[in-house]
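Colleague: Sequence:
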Amino acid sequence: MLRQPVPVSARALGGLFSALARARPSTACTDGPALAIDLFNRHRIAPDIYTYNILIDCCHRACRPDLGPAFFGCLLKTGITTDVITYSSLLQCFCDMKRTEEALDLLLHIVSDNLPDAISYSVILKSFCDNGRSQCALDLLQMMAKKGADHSPNVVSYNLVINGFFKEGEISKACDLFHEMIQQGFVPDVVT
1 MLRQPVPVSA RALGGLFSAL ARARPSTACT DGPALAIDLF NRHRIAPDIY
51 TYNILIDCCH RACRPDLGPA FFGCLLKTGI TTDVITYSSL LQCFCDMKRT
101 EEALDLLLHI VSDNLPDAIS YSVILKSFCD NGRSQCALDL LQMMAKKGAD
151 HSPNVVSYNL VINGFFKEGE ISKACDLFHE MIQQGFVPDV VT
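When you line the sequence shown up against UniProt numbering, it's residues 1 to 192, in that order.
Think of the hints as simulated: they come from the structure by calculation, not from any bench.
Just to be clear, a hint being listed does not mean it is correct.
[As the list claims (entries may be wrong)] DSBU-like cross-link-like pairs, simulated, lysine-lysine; straight-line CA separation at most 35 Å: (1) Lys167 / Lys98; (2) Lys77 / Lys98; (3) Lys77 / Lys167.
Working from the sequences, and respecting the hints, build out all of it.
Modeller: Encoded structure:
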């Protein structure tokens with residue numbers, strides 16, 4: 001691919017990166033996301049937003065979240081418009097690096113652009129709960145509810161925080177949140 005006389009299109013390259021990002025380890029390729037990052041660093045075409053989104057996600061999947069912000073910086077220099085997928089992947093990289101506060105700052109910054117969705121928020125909710133900070137997650141969940149529309153919590157958001165409280169031994173807070181979830185009209189699922 002890299003030796004082709006005619007450069008590969010951004011779409012074709014994005015498709016390859018996407019396949020590598022999701023590839024299970026095998027004898028042919030032990031680390032697909034890392035290979036995608038390596039190929040990107042050697043490519044000869046101008047990537048598009050889809051390519052960058054896949055690469056930032058690859059950084060997370062390859063356990064190299066430190067590269068996510070670097071690719072994001074490259075993306076900003078191109079002038080390509082970012083989207084909610086870009087930010088959700090970048091938020092995941094920050095959370096993987098245990099930099100949840102920076103992720104939260106970024107989330108609050110992009111709220112003004114109306115970019116985050118429930119998935120973006122859930123990345124940070126999970127990080128707070130995984131790090132024993134379920135009360136911070138609850139505060140963020142309540143902020144989501146106040147924002148409304150695309151920022152509204154969903155059953156996944158509630159499940160993350162309920163589970164976080166259970167892990168921390170805060171059974172009464174978990175039960176209170178469960179009842180609040182039902183009052184808000186959410187139907188508990190198998191995870192709840």
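Colleague: All hints are to be evaluated individually against the structure, with a verdict given for each.
Modeller: Evaluated hints:
1. Lys167 / Lys98: 18 Å, holds
2. Lys77 / Lys98: It holds: about 26 Å lies between the C-alpha atoms, which stays within 35 Å.
3. Lys77 / Lys167: The hint is violated at about 42 Å.
Checked against the numbered hints above, the structure breaks only hint 3 and satisfies the rest.
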